[in-house]
Amino acid sequence: MEFLTLTNNPAVKEKYPDLKPVWVEGGVDEVYRRARDLVHKGHRLLTHPLSSSLKPGRIPYKTVALSAKAETTVDLMSLGLMAAAFEAWEKTKPDVPLSFPAQVAADYALVDLAVFESALDSLKNAP
Amino acid sequence: MAQGKLRVVHYLNQFFGQIGGEEKANTPPEARAGAVGPGMGLKAALGADAEIVGTVICGDTYFAEHLAEATRTVLELIKQFQPDVVIAGPAFNAGRYGTACGAVCQAVVKELKVPAVTAMFPENPGVDIYKKDVYILPTADSAAGMREALPKLAAFALKLARGEAIGTPEEEGYIPRGIRKNFFAEKSGAARAVDMLVAKLQGKPFTTELPMPIFDRVPPNPPVKDMAHATIALVTSGGIVPKGNPDHIESSSASKFGKYSLKGLDDLTPETHQTAHGGYDPTYANADPDRVLPLDVMRDLEREGRIGKLFDYHYATVGNGTSVANASRYGAAIAKELKEAGVDAVILTST
Amino acid sequence: MHVCTVVPISLTVGANRIVPAVAIPHPLGNPELPKEEEKALRRRLVEKALRALETPVEGQTVFEN
Amino acid sequence: MRLELGKIPIRNVEFGPATKVENGTLYVNKEELRALILEDKSIKSCEVDLARPGEEVRIIPVKDVIEPRCKVSGPGGIFPGLVSKVETVGSGRTHVLKGAAVVTTGKIVGFQEGIIDMTGPGAKYTPFSQTYNVVLNLQPVDGLPQHDHERAVRLAGLKAAAYLGEAGKNVEPETVEVYELGSYLETAAKYPNLPKVVYVYMLQSQGLLHDTWVYGVDAKRILPSLIHPNETMDGAIVSGNCVSACDKNTTYHHLNNPVIAELYKRHGKDLCFLGCVITNENVTLADKQRSSSYAAKLAHMIGADAAIVTEEGFGNPDADLIMNCNKLEDYGIKTVLITDEYAGRDGASQSLADVSPKADAVVSTGNANELIDLPPMKKVIGDASAANVIAGGFAGALHDDGSITAELQVITGVNCELGYSNLRATGY
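Residue numbers (my numbering), protein chains in the order written: chain A, 1 to 127; chain B, 128 to 478; chain C, 479 to 543; chain D, 544 to 971.
No wet-lab data here; the hints were simulated from the structure. Heads up, some of the hints might be wrong.
[What the hints assert, rightly or not] Lysine to aspartate or glutamate pairs mimicking EDC-like chemistry, simulated, CA-CA at most 20 Å apart:
1. B:K331 <-> D:E872
2. A:K69 <-> B:D408
3. D:K808 <-> B:D322
4. C:K517 <-> B:E431
5. C:K526 <-> C:E515
6. D:K901 <-> B:D322
7. A:K69 <-> C:E510
8. C:K513 <-> B:D427
Fair warning: this is a prediction, and the values are worked out from it, not measured in the lab.
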């Protein structure tokens, strides 16, 4: 199916130009804000906004996929997941702005990329 | 005073502090040596190991209207007595008193680093606000429950003063604070899961180890009979506030609600109003706040006589990440004011 | 009386008279409509809310039409 | 399927000229083990170290913990599809070096967690402070991509455990436990009056460092399947996780799944244990929907009256956990969940990212956010600098003297959601 990719992860942007990911400037919370606004407009989340076993407030990158088309009604599950994601971000957000050594940031980018890639087949094949 | 006795300070309102009734509710904080009023019963219940060295009294209205200053003064007065533990109340179902007891105990624990305990009716508004920070014992809804409450308060205070470990709400009888703490159980998680499953299968009682949040149900109100003469109020969780957000309502996890005049206004515009809500894209609400708070239409309906009157104020908060406890508290407070103002019905709009 | 976009949430939190609204960022409006039509839409929703307030209900009720 | 599990107690571990078990001591020929690991050309170096209960040793960052086992009789070998050929395991006889463990360490990514303290306050939180550990510190060849690095370290640990397990092949076990379950029809017919219980076994499957392998297959690629509980005891399920140490299921946990053990214990007494459904925790919501529907349907098809569901990880998988619960309950299958909690350091936040009124029977394995102080240890095995990254904003802080203040989350196995340990949280 056609889907819309939101990301602030340079590794995703670089590796998948064909997917035309929507670039988000900022942290994971900014990605969430954009995803939430799209959900409010009727887009459906296709991937879970929380990353595997990582705390959203402690990681630099996040990639989220949503349905390309907006429906007329709001998808309740997507709405709930975004609320939970914000709550989890709020709960884990650091007291000081995040900063990571370059190699660690690159590792985070790689893991986010891998998590996104693990969803790609499903996304492409979904009805 | 005998050496080695635990020092207890007691907090009371003007009524239980024997200053007077509602007409004395404006009394500022004052301190007395020794026990006063219910402090006598408390003294007996505390026994020989502890002594009420002082009592601090403050009028309920005074405390509510001078929250920060009253808390500070009460704290100073309490500090003079060098307590090992502070007891406030019991406040039963008195809302302002319960809130004051909670605030005093919270300040004592946080500022003086002295343990504190209070007691009140579980539905006292002070419970939801302070249960997270303060030990609150449940009481009956009126002072008829005094005799039952005092020995429990005394026993709990003694435990706190002695620095003994406080067990679970079930063991100790206080109102659950909603705080999760770890401990080592006797059996492994897997063994407990199978035990729980067998109990569930056999229809026997079992207690989940992680209760899910529950929401209140309220019986519906009867319908409005005569809309043409009814006063209708607008309330919103969509964060519509006067331009500039004068009360600084937070964009998420709001710590308050606002009350704003609609007098002389026929329409909400970007010049007069905005949204404070951080939980949705604010572009549309900021461009035309009527999209969240339908003032323009309400005024039309008022002019046409479809409704009697639009209430002169609207209430607003931000329903974004606001805890259920806080939201319920705002709801209760808003409802109380509206009822007192003679409002017949409310249209609550949410984003 | 609750005018709310996401009816299931309104049901969860215990509202008894519920009128479904337009969209989360603009529950009582639709920026894509001309100003007058948008206001007419808002008026229909508010009138529905008033009718709901005039209607006796036994329990949680969603006023769809 | 009938499996005899022979347990050989290990009460000490030493290096020696030959790898063998003698009088409860596991002797390890270090060079032979190293050579075996270094057969993999993607591994540059392999240090072998020993860590015994009570020693002032910290292992960090732990990737996996594996119990040495070997197949004595019956089809297949240990860790089928990865170390042994793909053949259905779970019958015949298997020997276990009970009390021994292989621990793999080595930094794959810069934010890896996993601390095992062999003594001190951290020790009581991890079961692996009580095992005699053979620790492999593995370094990859330069420039090895992280995916390959993960695989190399995973396979090294499994190979080492199989190698050490062989030392128990001809040793007479102290105890032999028998695990036997027939077909669903036979089992159900045997106990017509007991409620039929199925175990729904959730496997983390979200990509690099968050994967699980079943007979060598990446669990994200499976539809939920039926698996005989005995198969897990021969290593049919293997961990590829190394983030979120507290609630990942190590391979050791999969081999010793406590839910399976408890259900076997109660089988024929107050319940009838039918078997297990394995399911995954994928990234897309469609996959989550499909897997939870499929898992519940399988449980229903085999006639389950009740189910225990175990989660792996936190946050994202909470959605799978709740979907599984809702759908099982919708079939009328009475369900108990096992999960850990992320209630914040003060314990005041919402514990799960998803909830449901149907989740009315939940076992908690503790709040992973609670803080713990870990004093310095005399010896650190692994990559001491990993602790620096923990200090870098992940979950805690490394102090100058080598002590660490961290959330429990960094400790391997502390909140294991299979319910392996006794830690739990309760409301105060």
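Hints and how they fare:
no., hint, in the structure
1, B:K331 <-> D:E872, "holds (18 Å)"
2, A:K69 <-> B:D408, "holds (18 Å)"
3, D:K808 <-> B:D322, "holds (12 Å)"
4, C:K517 <-> B:E431, "holds (16 Å)"
5, C:K526 <-> C:E515, "holds (17 Å)"
6, D:K901 <-> B:D322, "holds (18 Å)"
7, A:K69 <-> C:E510, "holds (17 Å)"
8, C:K513 <-> B:D427, "holds (16 Å)"
Hint compliance for this structure: no hint is broken.
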